[in-house]
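> What follows is the residue order along each chain.
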Amino acid sequence: MLNTDTSLSLLSLLQLCDSNFPTGAFSHSFGLETYIQDDKVMSKQTFSEWLQVYLQEQLVYTDGLACRLTYEALEEGKLETIWALDRKICVQNQAAETREGNKRMAERMLYLGTELYSSPTLALYRERIRDKECWGHSSIVFAWITHHLKIPKSVAIISYLYASVASLIQNGVRAIPLGQTEGQRLFQELQAPLIHAVEQINGLDPEDLGITSPGLELSQMRHERLGYRLFMS
Amino acid sequence: MAELTGFLRIEARKHREKSIASEIYSQGAWKVNPPIYLDSSGQPCLYMVSLGGGYAGGDRYKAEIRLSEQAELLLTTLSSNKIFRSRGKPVIQEIDIYLARGSVLEYLPDNTIAYQDAHYEQSTVIRMESGATLIYTDLITPGWAPDGSVFRYDTLKLRTEIYLDDHLVVFDHIRLCPGAQNIQGIGLLEGYTHYGSMIVIGQQATPEFLDKLHESLDVGQSQVRLGLSMLMIPGFTLRILAFSTQAIESVFQSCHRMIREEWFEKQPISFRKY
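Residue numbers (the working numbering), protein chains in the order written: chain A, 1 to 233; chain B, 1 to 274.
Hints listed in this document are in silico derivations from the structure and should not be mistaken for laboratory results.
Be careful, since some hints might not be right.
Among the chain A residues that face chain B by a calculated CB cut under 10 Å, a handful are [claimed, not checked]: (1) Y54; (2) E57; (3) Q58; (4) N93; (5) Y117; (6) T121; (7) L216; (8) S219.
Idealized CB from N, CA, C, for every residue including glycine.
Could you build the full structure based on these sequences and the hints that come with them?
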């Protein structure tokens, strides 16, 4: 027998992570397209390697940790911590397109979030972005909505990572291209790395925020100057 | 303050037509050579010198650098920053920089060489007033281990925070741990061995300037992999992966030359160390 409250929050979480949830993630490759054009990502195997490095070396220390820290700040009612985090996670990103991409996704998610749920503090974040007091990051918005929905913290983090990886796989399947089944198999193979990533995120020191790795960042920068582009980042 | 291996305090100010090093204080294993004027522009150049010949486990170095209004300073080192065995006892270098309105700091130290079992943590905090100009570089070279292999260092952590009028505008946090990462793999060093980074902040750092710089650096060349992008404020970051220290230095020089010529109508400089 399903408990109604649990079912409701599960359904809301599924809605939030659904690729139909219009955040615009399908327009951003976060540097993947550079690797595809350089013929470095061209198969399921090479795509899998890139995804794991992207998850392990970037998502964990940026989006993942920001998601956790936002959630914890909300639990403690410390909005000032979130405003500082917003600043840090945005200026941490040295690639202008990726920074813009995360901002656009945050704005879309915030628009939907404030339309669908009544969270006065979430509305406040939206106002601060409008007034240019905050920049906007998708991981912060995601943590906010899941906290509002009373989704447990670790579930919120793994869901964020899942949604990020899901849209990247979709984008990779289109752009490399790969077969749909290969994409799904890849997704399944990423389950263990995703679980590991959450364990790691939960064990990080807040000082670890924003650690990034040179190659990923450089490819995100180089994307700006690719000759033709399917993606905005 | 815990016991420091070396401490430096440098202050530069504008005095009539030129800038002068108005204070140089050094303690312990770090010192600064007397200022040298490399050209007739009135901008002094200071060379920082590590007396120990390198950093060893547990060493802590700290420097405070302050430029008052309109002061201009070139700051470099006399030789490479060598990090020796320090696994478990990290070498720490902290630099705090303050740049007042209209000042110009060109900070181009030599490379950091990380030898076997090196653990190095560098933290740089730069506070700028608007109208100041900053050129800041980092260059990481892997040191050869006795068995001839590279990438035997333990951890390198470079953390840079830049504030403009008290707002955080750059937060850069690079970490390389060859033991825990596939260091030459995709997403990390991409098969390269050396890493360089240049952060430039100044009113003249426009997207148009960046386009021009990009063209002049000939990004198509295969010996280096370059990335350039604008910051949230007038300024940009340049990242380089390469196979040699010289290849990165040569990109730094091209970039430095273009900034000096176009923004300040100054001649290119050579630090003449060798």
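> The structure should be examined with respect to each hint, and the outcome stated for every one.
Comparing the hints with the structure gives:
1. The beta carbon of Y54/A is positioned within 10 Å of a beta carbon in chain B (closest approach about 6 Å), and the interface hint is therefore held.
2. Taking 10 Å as the C-beta cut-off, the interface hint given for E57/A holds, the closest approach to chain B being about 6 Å.
3. A least Cβ separation of about 8 Å between Q58/A and chain B falls short of the 10 Å threshold, and the interface hint therefore holds.
4. The beta carbon of N93/A comes within 9 Å of a beta carbon in chain B, closer than 10 Å, and the hint placing it at the interface holds.
5. Among the interface hints, the one on Y117/A is violated; its C-beta lies about 30 Å from the nearest C-beta in chain B, farther than the 10 Å criterion.
6. Here the hint on T121/A is broken, as its CB sits about 22 Å from the closest CB of chain B, past 10 Å.
7. For the restraint placing L216/A at the interface with chain B, the shortest Cβ-Cβ distance is roughly 5 Å, inside the 10 Å limit, so the hint holds.
8. A least Cβ separation of about 7 Å between S219/A and chain B falls short of the 10 Å threshold, and the interface hint therefore holds.
The structure fails hints 5 and 6 (numbered hints given earlier, in ascending order).
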